[in-house]
Amino acid sequence: MLQQLPALVTLLAVLLMGGTAYAVGSARARYGIKAPATSGHPDFERAFRVQMNTLEACVMFLPLLWLAAHYGLGGWAGLAGLVWLLGRVWYALAYLKEASKREGGFVLSALGLVAVLLMALTGVVRALLAA
Amino acid sequence: MLQQLPALVTLLAVLLMGGTAYAVGSARARYGIKAPATSGHPDFERAFRVQMNTLEACVMFLPLLWLAAHYGLGGWAGLAGLVWLLGRVWYALAYLKEASKREGGFVLSALGLVAVLLMALTGVVRALLAA
Amino acid sequence: MLQQLPALVTLLAVLLMGGTAYAVGSARARYGIKAPATSGHPDFERAFRVQMNTLEACVMFLPLLWLAAHYGLGGWAGLAGLVWLLGRVWYALAYLKEASKREGGFVLSALGLVAVLLMALTGVVRALLAA
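Protein chains in written order, with full-length UniProt numbering: chain Z, 1 to 131; chain V, 1 to 131; chain E, 1 to 131.
Here chain Z stands alone, though its shape is the one from the complex:
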């Protein structure tokens, strides 16, 4: 069951990206900010940054998650992924309310990211040494 965690985390990460994109669309409508503008009201601008930061975070996290899984650490990487995901959700919800509140979630997600980074690194180095 732990071996399915990377897939589950990936799916939930995509749903999180979808949620942050939805928040931008809602803020666009609420404050009458017409595309292609990406500024005009602080609430919209925070929603937009949350979406972009979530996107950046996913593009860094998902490749490491699957590298770790590829090297047989899928279960541990999946658990680290749940921590990362919790941090990203916390970050998004807090940042949507106030920019200064985004730190806690950021730190938690960074812990998850560093964990999968170390797993991926271990896997790559071991495979290089074995080759």
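No lab work stands behind these hints: they were computed from the structure.
It is possible that some hints are incorrect.
Note that identical chains are pooled: a pair holds if it fits in a single copy or bridges any two copies.
As the list claims (entries may be wrong) - Calculated cross-link-like contacts (lysine to aspartate or glutamate; reagent style DMTMM-like; alpha-carbon spacing at most 20 Å):
(1) Lys-101 - Asp-43
(2) Lys-34 - Glu-56
(3) Lys-97 - Asp-43
Using the hints, position chains V and E against chain Z.
Quick look at chains V and E alone, frame taken from chain Z:
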């Protein structure tokens, strides 16, 4: 042959990203908007939003496509991917002309996205239940 | 050993994204640009563009790298990936100093990108013909 569709869709999605990046570079040159600026002319700003929206869409779509393929639904996911891709091309071309015209392509691509989301979800849930 | 290159390149690409994100955070602190703002000082704006361009480049490159690896060209794709990576690092460092200096790195990374694109394309076309 259907099993090769996810790979083909992935390749075409990257070419679409390349095309939208090229459109930004062209608009930058045409309107004399020097990097790192990302505003200055409505045509440029629309091209820039098209590139970013395409990027966001790919980061959400590609992981789901490959999750679905991983769970044995590669053929169906590939077909949904062609629908998604058609929607994204339509969206990009329409949005480049006028922001208000982007809806049709968006809706079509959303259908493809929801289809692969449901496939990936089915695959993950089944695998979790079997574990 | 060459077969491990796509994994190594992926890991290094994520570290590069991390480095460019770190440069944005540093510039944010140095010039007192509070989130969610993404403008306010030319140095910050260049750092921000470097981060976003690196992100875009990775989202295009990594899928092609792994498609090529999937079709048995992992070693060659990994070598092309090292060229691409060198180009991206050069691009990032040069652009951080001055926008006009970003061209050399861009061209080098484009060579690496086109190489993996051709490998991925060859793989997909061959697999489609064989099916």
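These are the hints, each one checked on the structure:
no., hint, verdict
1, Lys-101 - Asp-43, "within (14 Å within a copy, 26 Å between copies)"
2, Lys-34 - Glu-56, "between (24 Å within a copy, 19 Å between copies)"
3, Lys-97 - Asp-43, "within (8 Å within a copy, 28 Å between copies)"
Hint compliance for this structure: no hint is broken.
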